[in-house]
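Undergrad: Please build the complete structure, drawing on both the sequences and the hints.
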Amino acid sequence: MTISLYDLTVPNYLQALGGASGFLRKGLEFCEKEGTDPDEVVKSRLAGDMLPFSFQIASIAHHSAGAIEGIQQGEFRPPQDPGTWSYSDLQRVVEEAREKLRNVSPEAVNGCAGKDIVFHLGKHQLPFTVENFLLSFSFPNFYFHVTTAYDLLRLRGVPLGKVDYLGQMRMKM
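Numbers 3 to 175, taken from the numbering used here, label the letters of the sequence shown in order.
The hints are simulated quantities; they were obtained by calculation from the structure and are not laboratory data. Check before you lean on any hint, since a few could be wrong.
Said to hold, decoys possible - Across the chosen pairs, the derived CB separations fall in these ranges:
no.: 1; residue 1: His122; residue 2: Gly163; range: 37 to 47 Å
no.: 2; residue 1: Gly124; residue 2: Met52; range: 13 to 23 Å
no.: 3; residue 1: Gly20; residue 2: Leu48; range: 15 to 25 Å
no.: 4; residue 1: Arg156; residue 2: Gly124; range: 15 to 25 Å
no.: 5; residue 1: Glu109; residue 2: Gln17; range: 20 to 30 Å
no.: 6; residue 1: Gln82; residue 2: Asp41; range: 35 to 45 Å
no.: 7; residue 1: Gly85; residue 2: Ala110; range: 31 to 41 Å
A virtual CB, placed ideally from N, CA and C, is assigned to each residue, including glycine.
TA: Structure, rendered in structure tokens:
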């Protein structure tokens, strides 16, 4: 069986985004139950020198739907977190990324195979092939930020488990 670039990326992004959507929902329910303002979560950090929860969620969307847009355009830049998002804004950002990915065709992604993409980081330009960009740069970043967002909610006491992180697994039926 041959596996395509689309098969390696979009279904995995959608699975993890589904998990993120679910753990964001559970985080909101927890805040409501505890009488906590969910917007306090938006600014939370694992460590003082790490970016806040809002950046973690912005990066989840950016390194999934944004990465697919980037490979089609041939360039990618770091994610932007306006710093003014509410918890509900972050939920919307995840849902928008899911919707964008649901609308991406396998042909659109597979047609990018073998092409070049440049990651612009300030004055620096990091050249990649599309495959190496997705598999060695964007995927690790994506999963790092999903994990960090999950961990921030766990740190605040949200009752989450591994199944919440995994999202809807694609099992053989």
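Undergrad: Against the range 15 to 25 Å, how does the distance between the Cβ atoms of Gly20 and Leu48 compare: consistent or not?
TA: Since Gly20 and Leu48 have Cβ atoms about 23 Å apart, the given range 15 to 25 Å holds.
Undergrad: Are His122 and Gly163 spaced within 37 to 47 Å by their CB atoms?
TA: 38 Å, holds
Undergrad: Against the range 15 to 25 Å, how does the distance between the Cβ atoms of Arg156 and Gly124 compare: consistent or not?
TA: 33 Å Cβ-Cβ, so the 15 to 25 Å window is violated.
Undergrad: Is it true that the C-beta distance of Gln82 to Asp41 lies inside 35 to 45 Å, as the hint says?
TA: 19 Å, violated
Undergrad: Kindly confirm whether 13 to 23 Å is satisfied by the beta carbon distance between Gly124 and Met52.
TA: 20 Å, holds
Undergrad: Confirm or reject the claim that Gly85 and Ala110 have a C-beta distance inside 31 to 41 Å.
TA: 32 Å, holds
Undergrad: Should the hint that Glu109 and Gln17 are 20 to 30 Å apart at their CB atoms be regarded as holding?
TA: 21 Å, holds
In the structure shown, a violation is registered for the earlier hints numbered 4 and 6, in ascending order.
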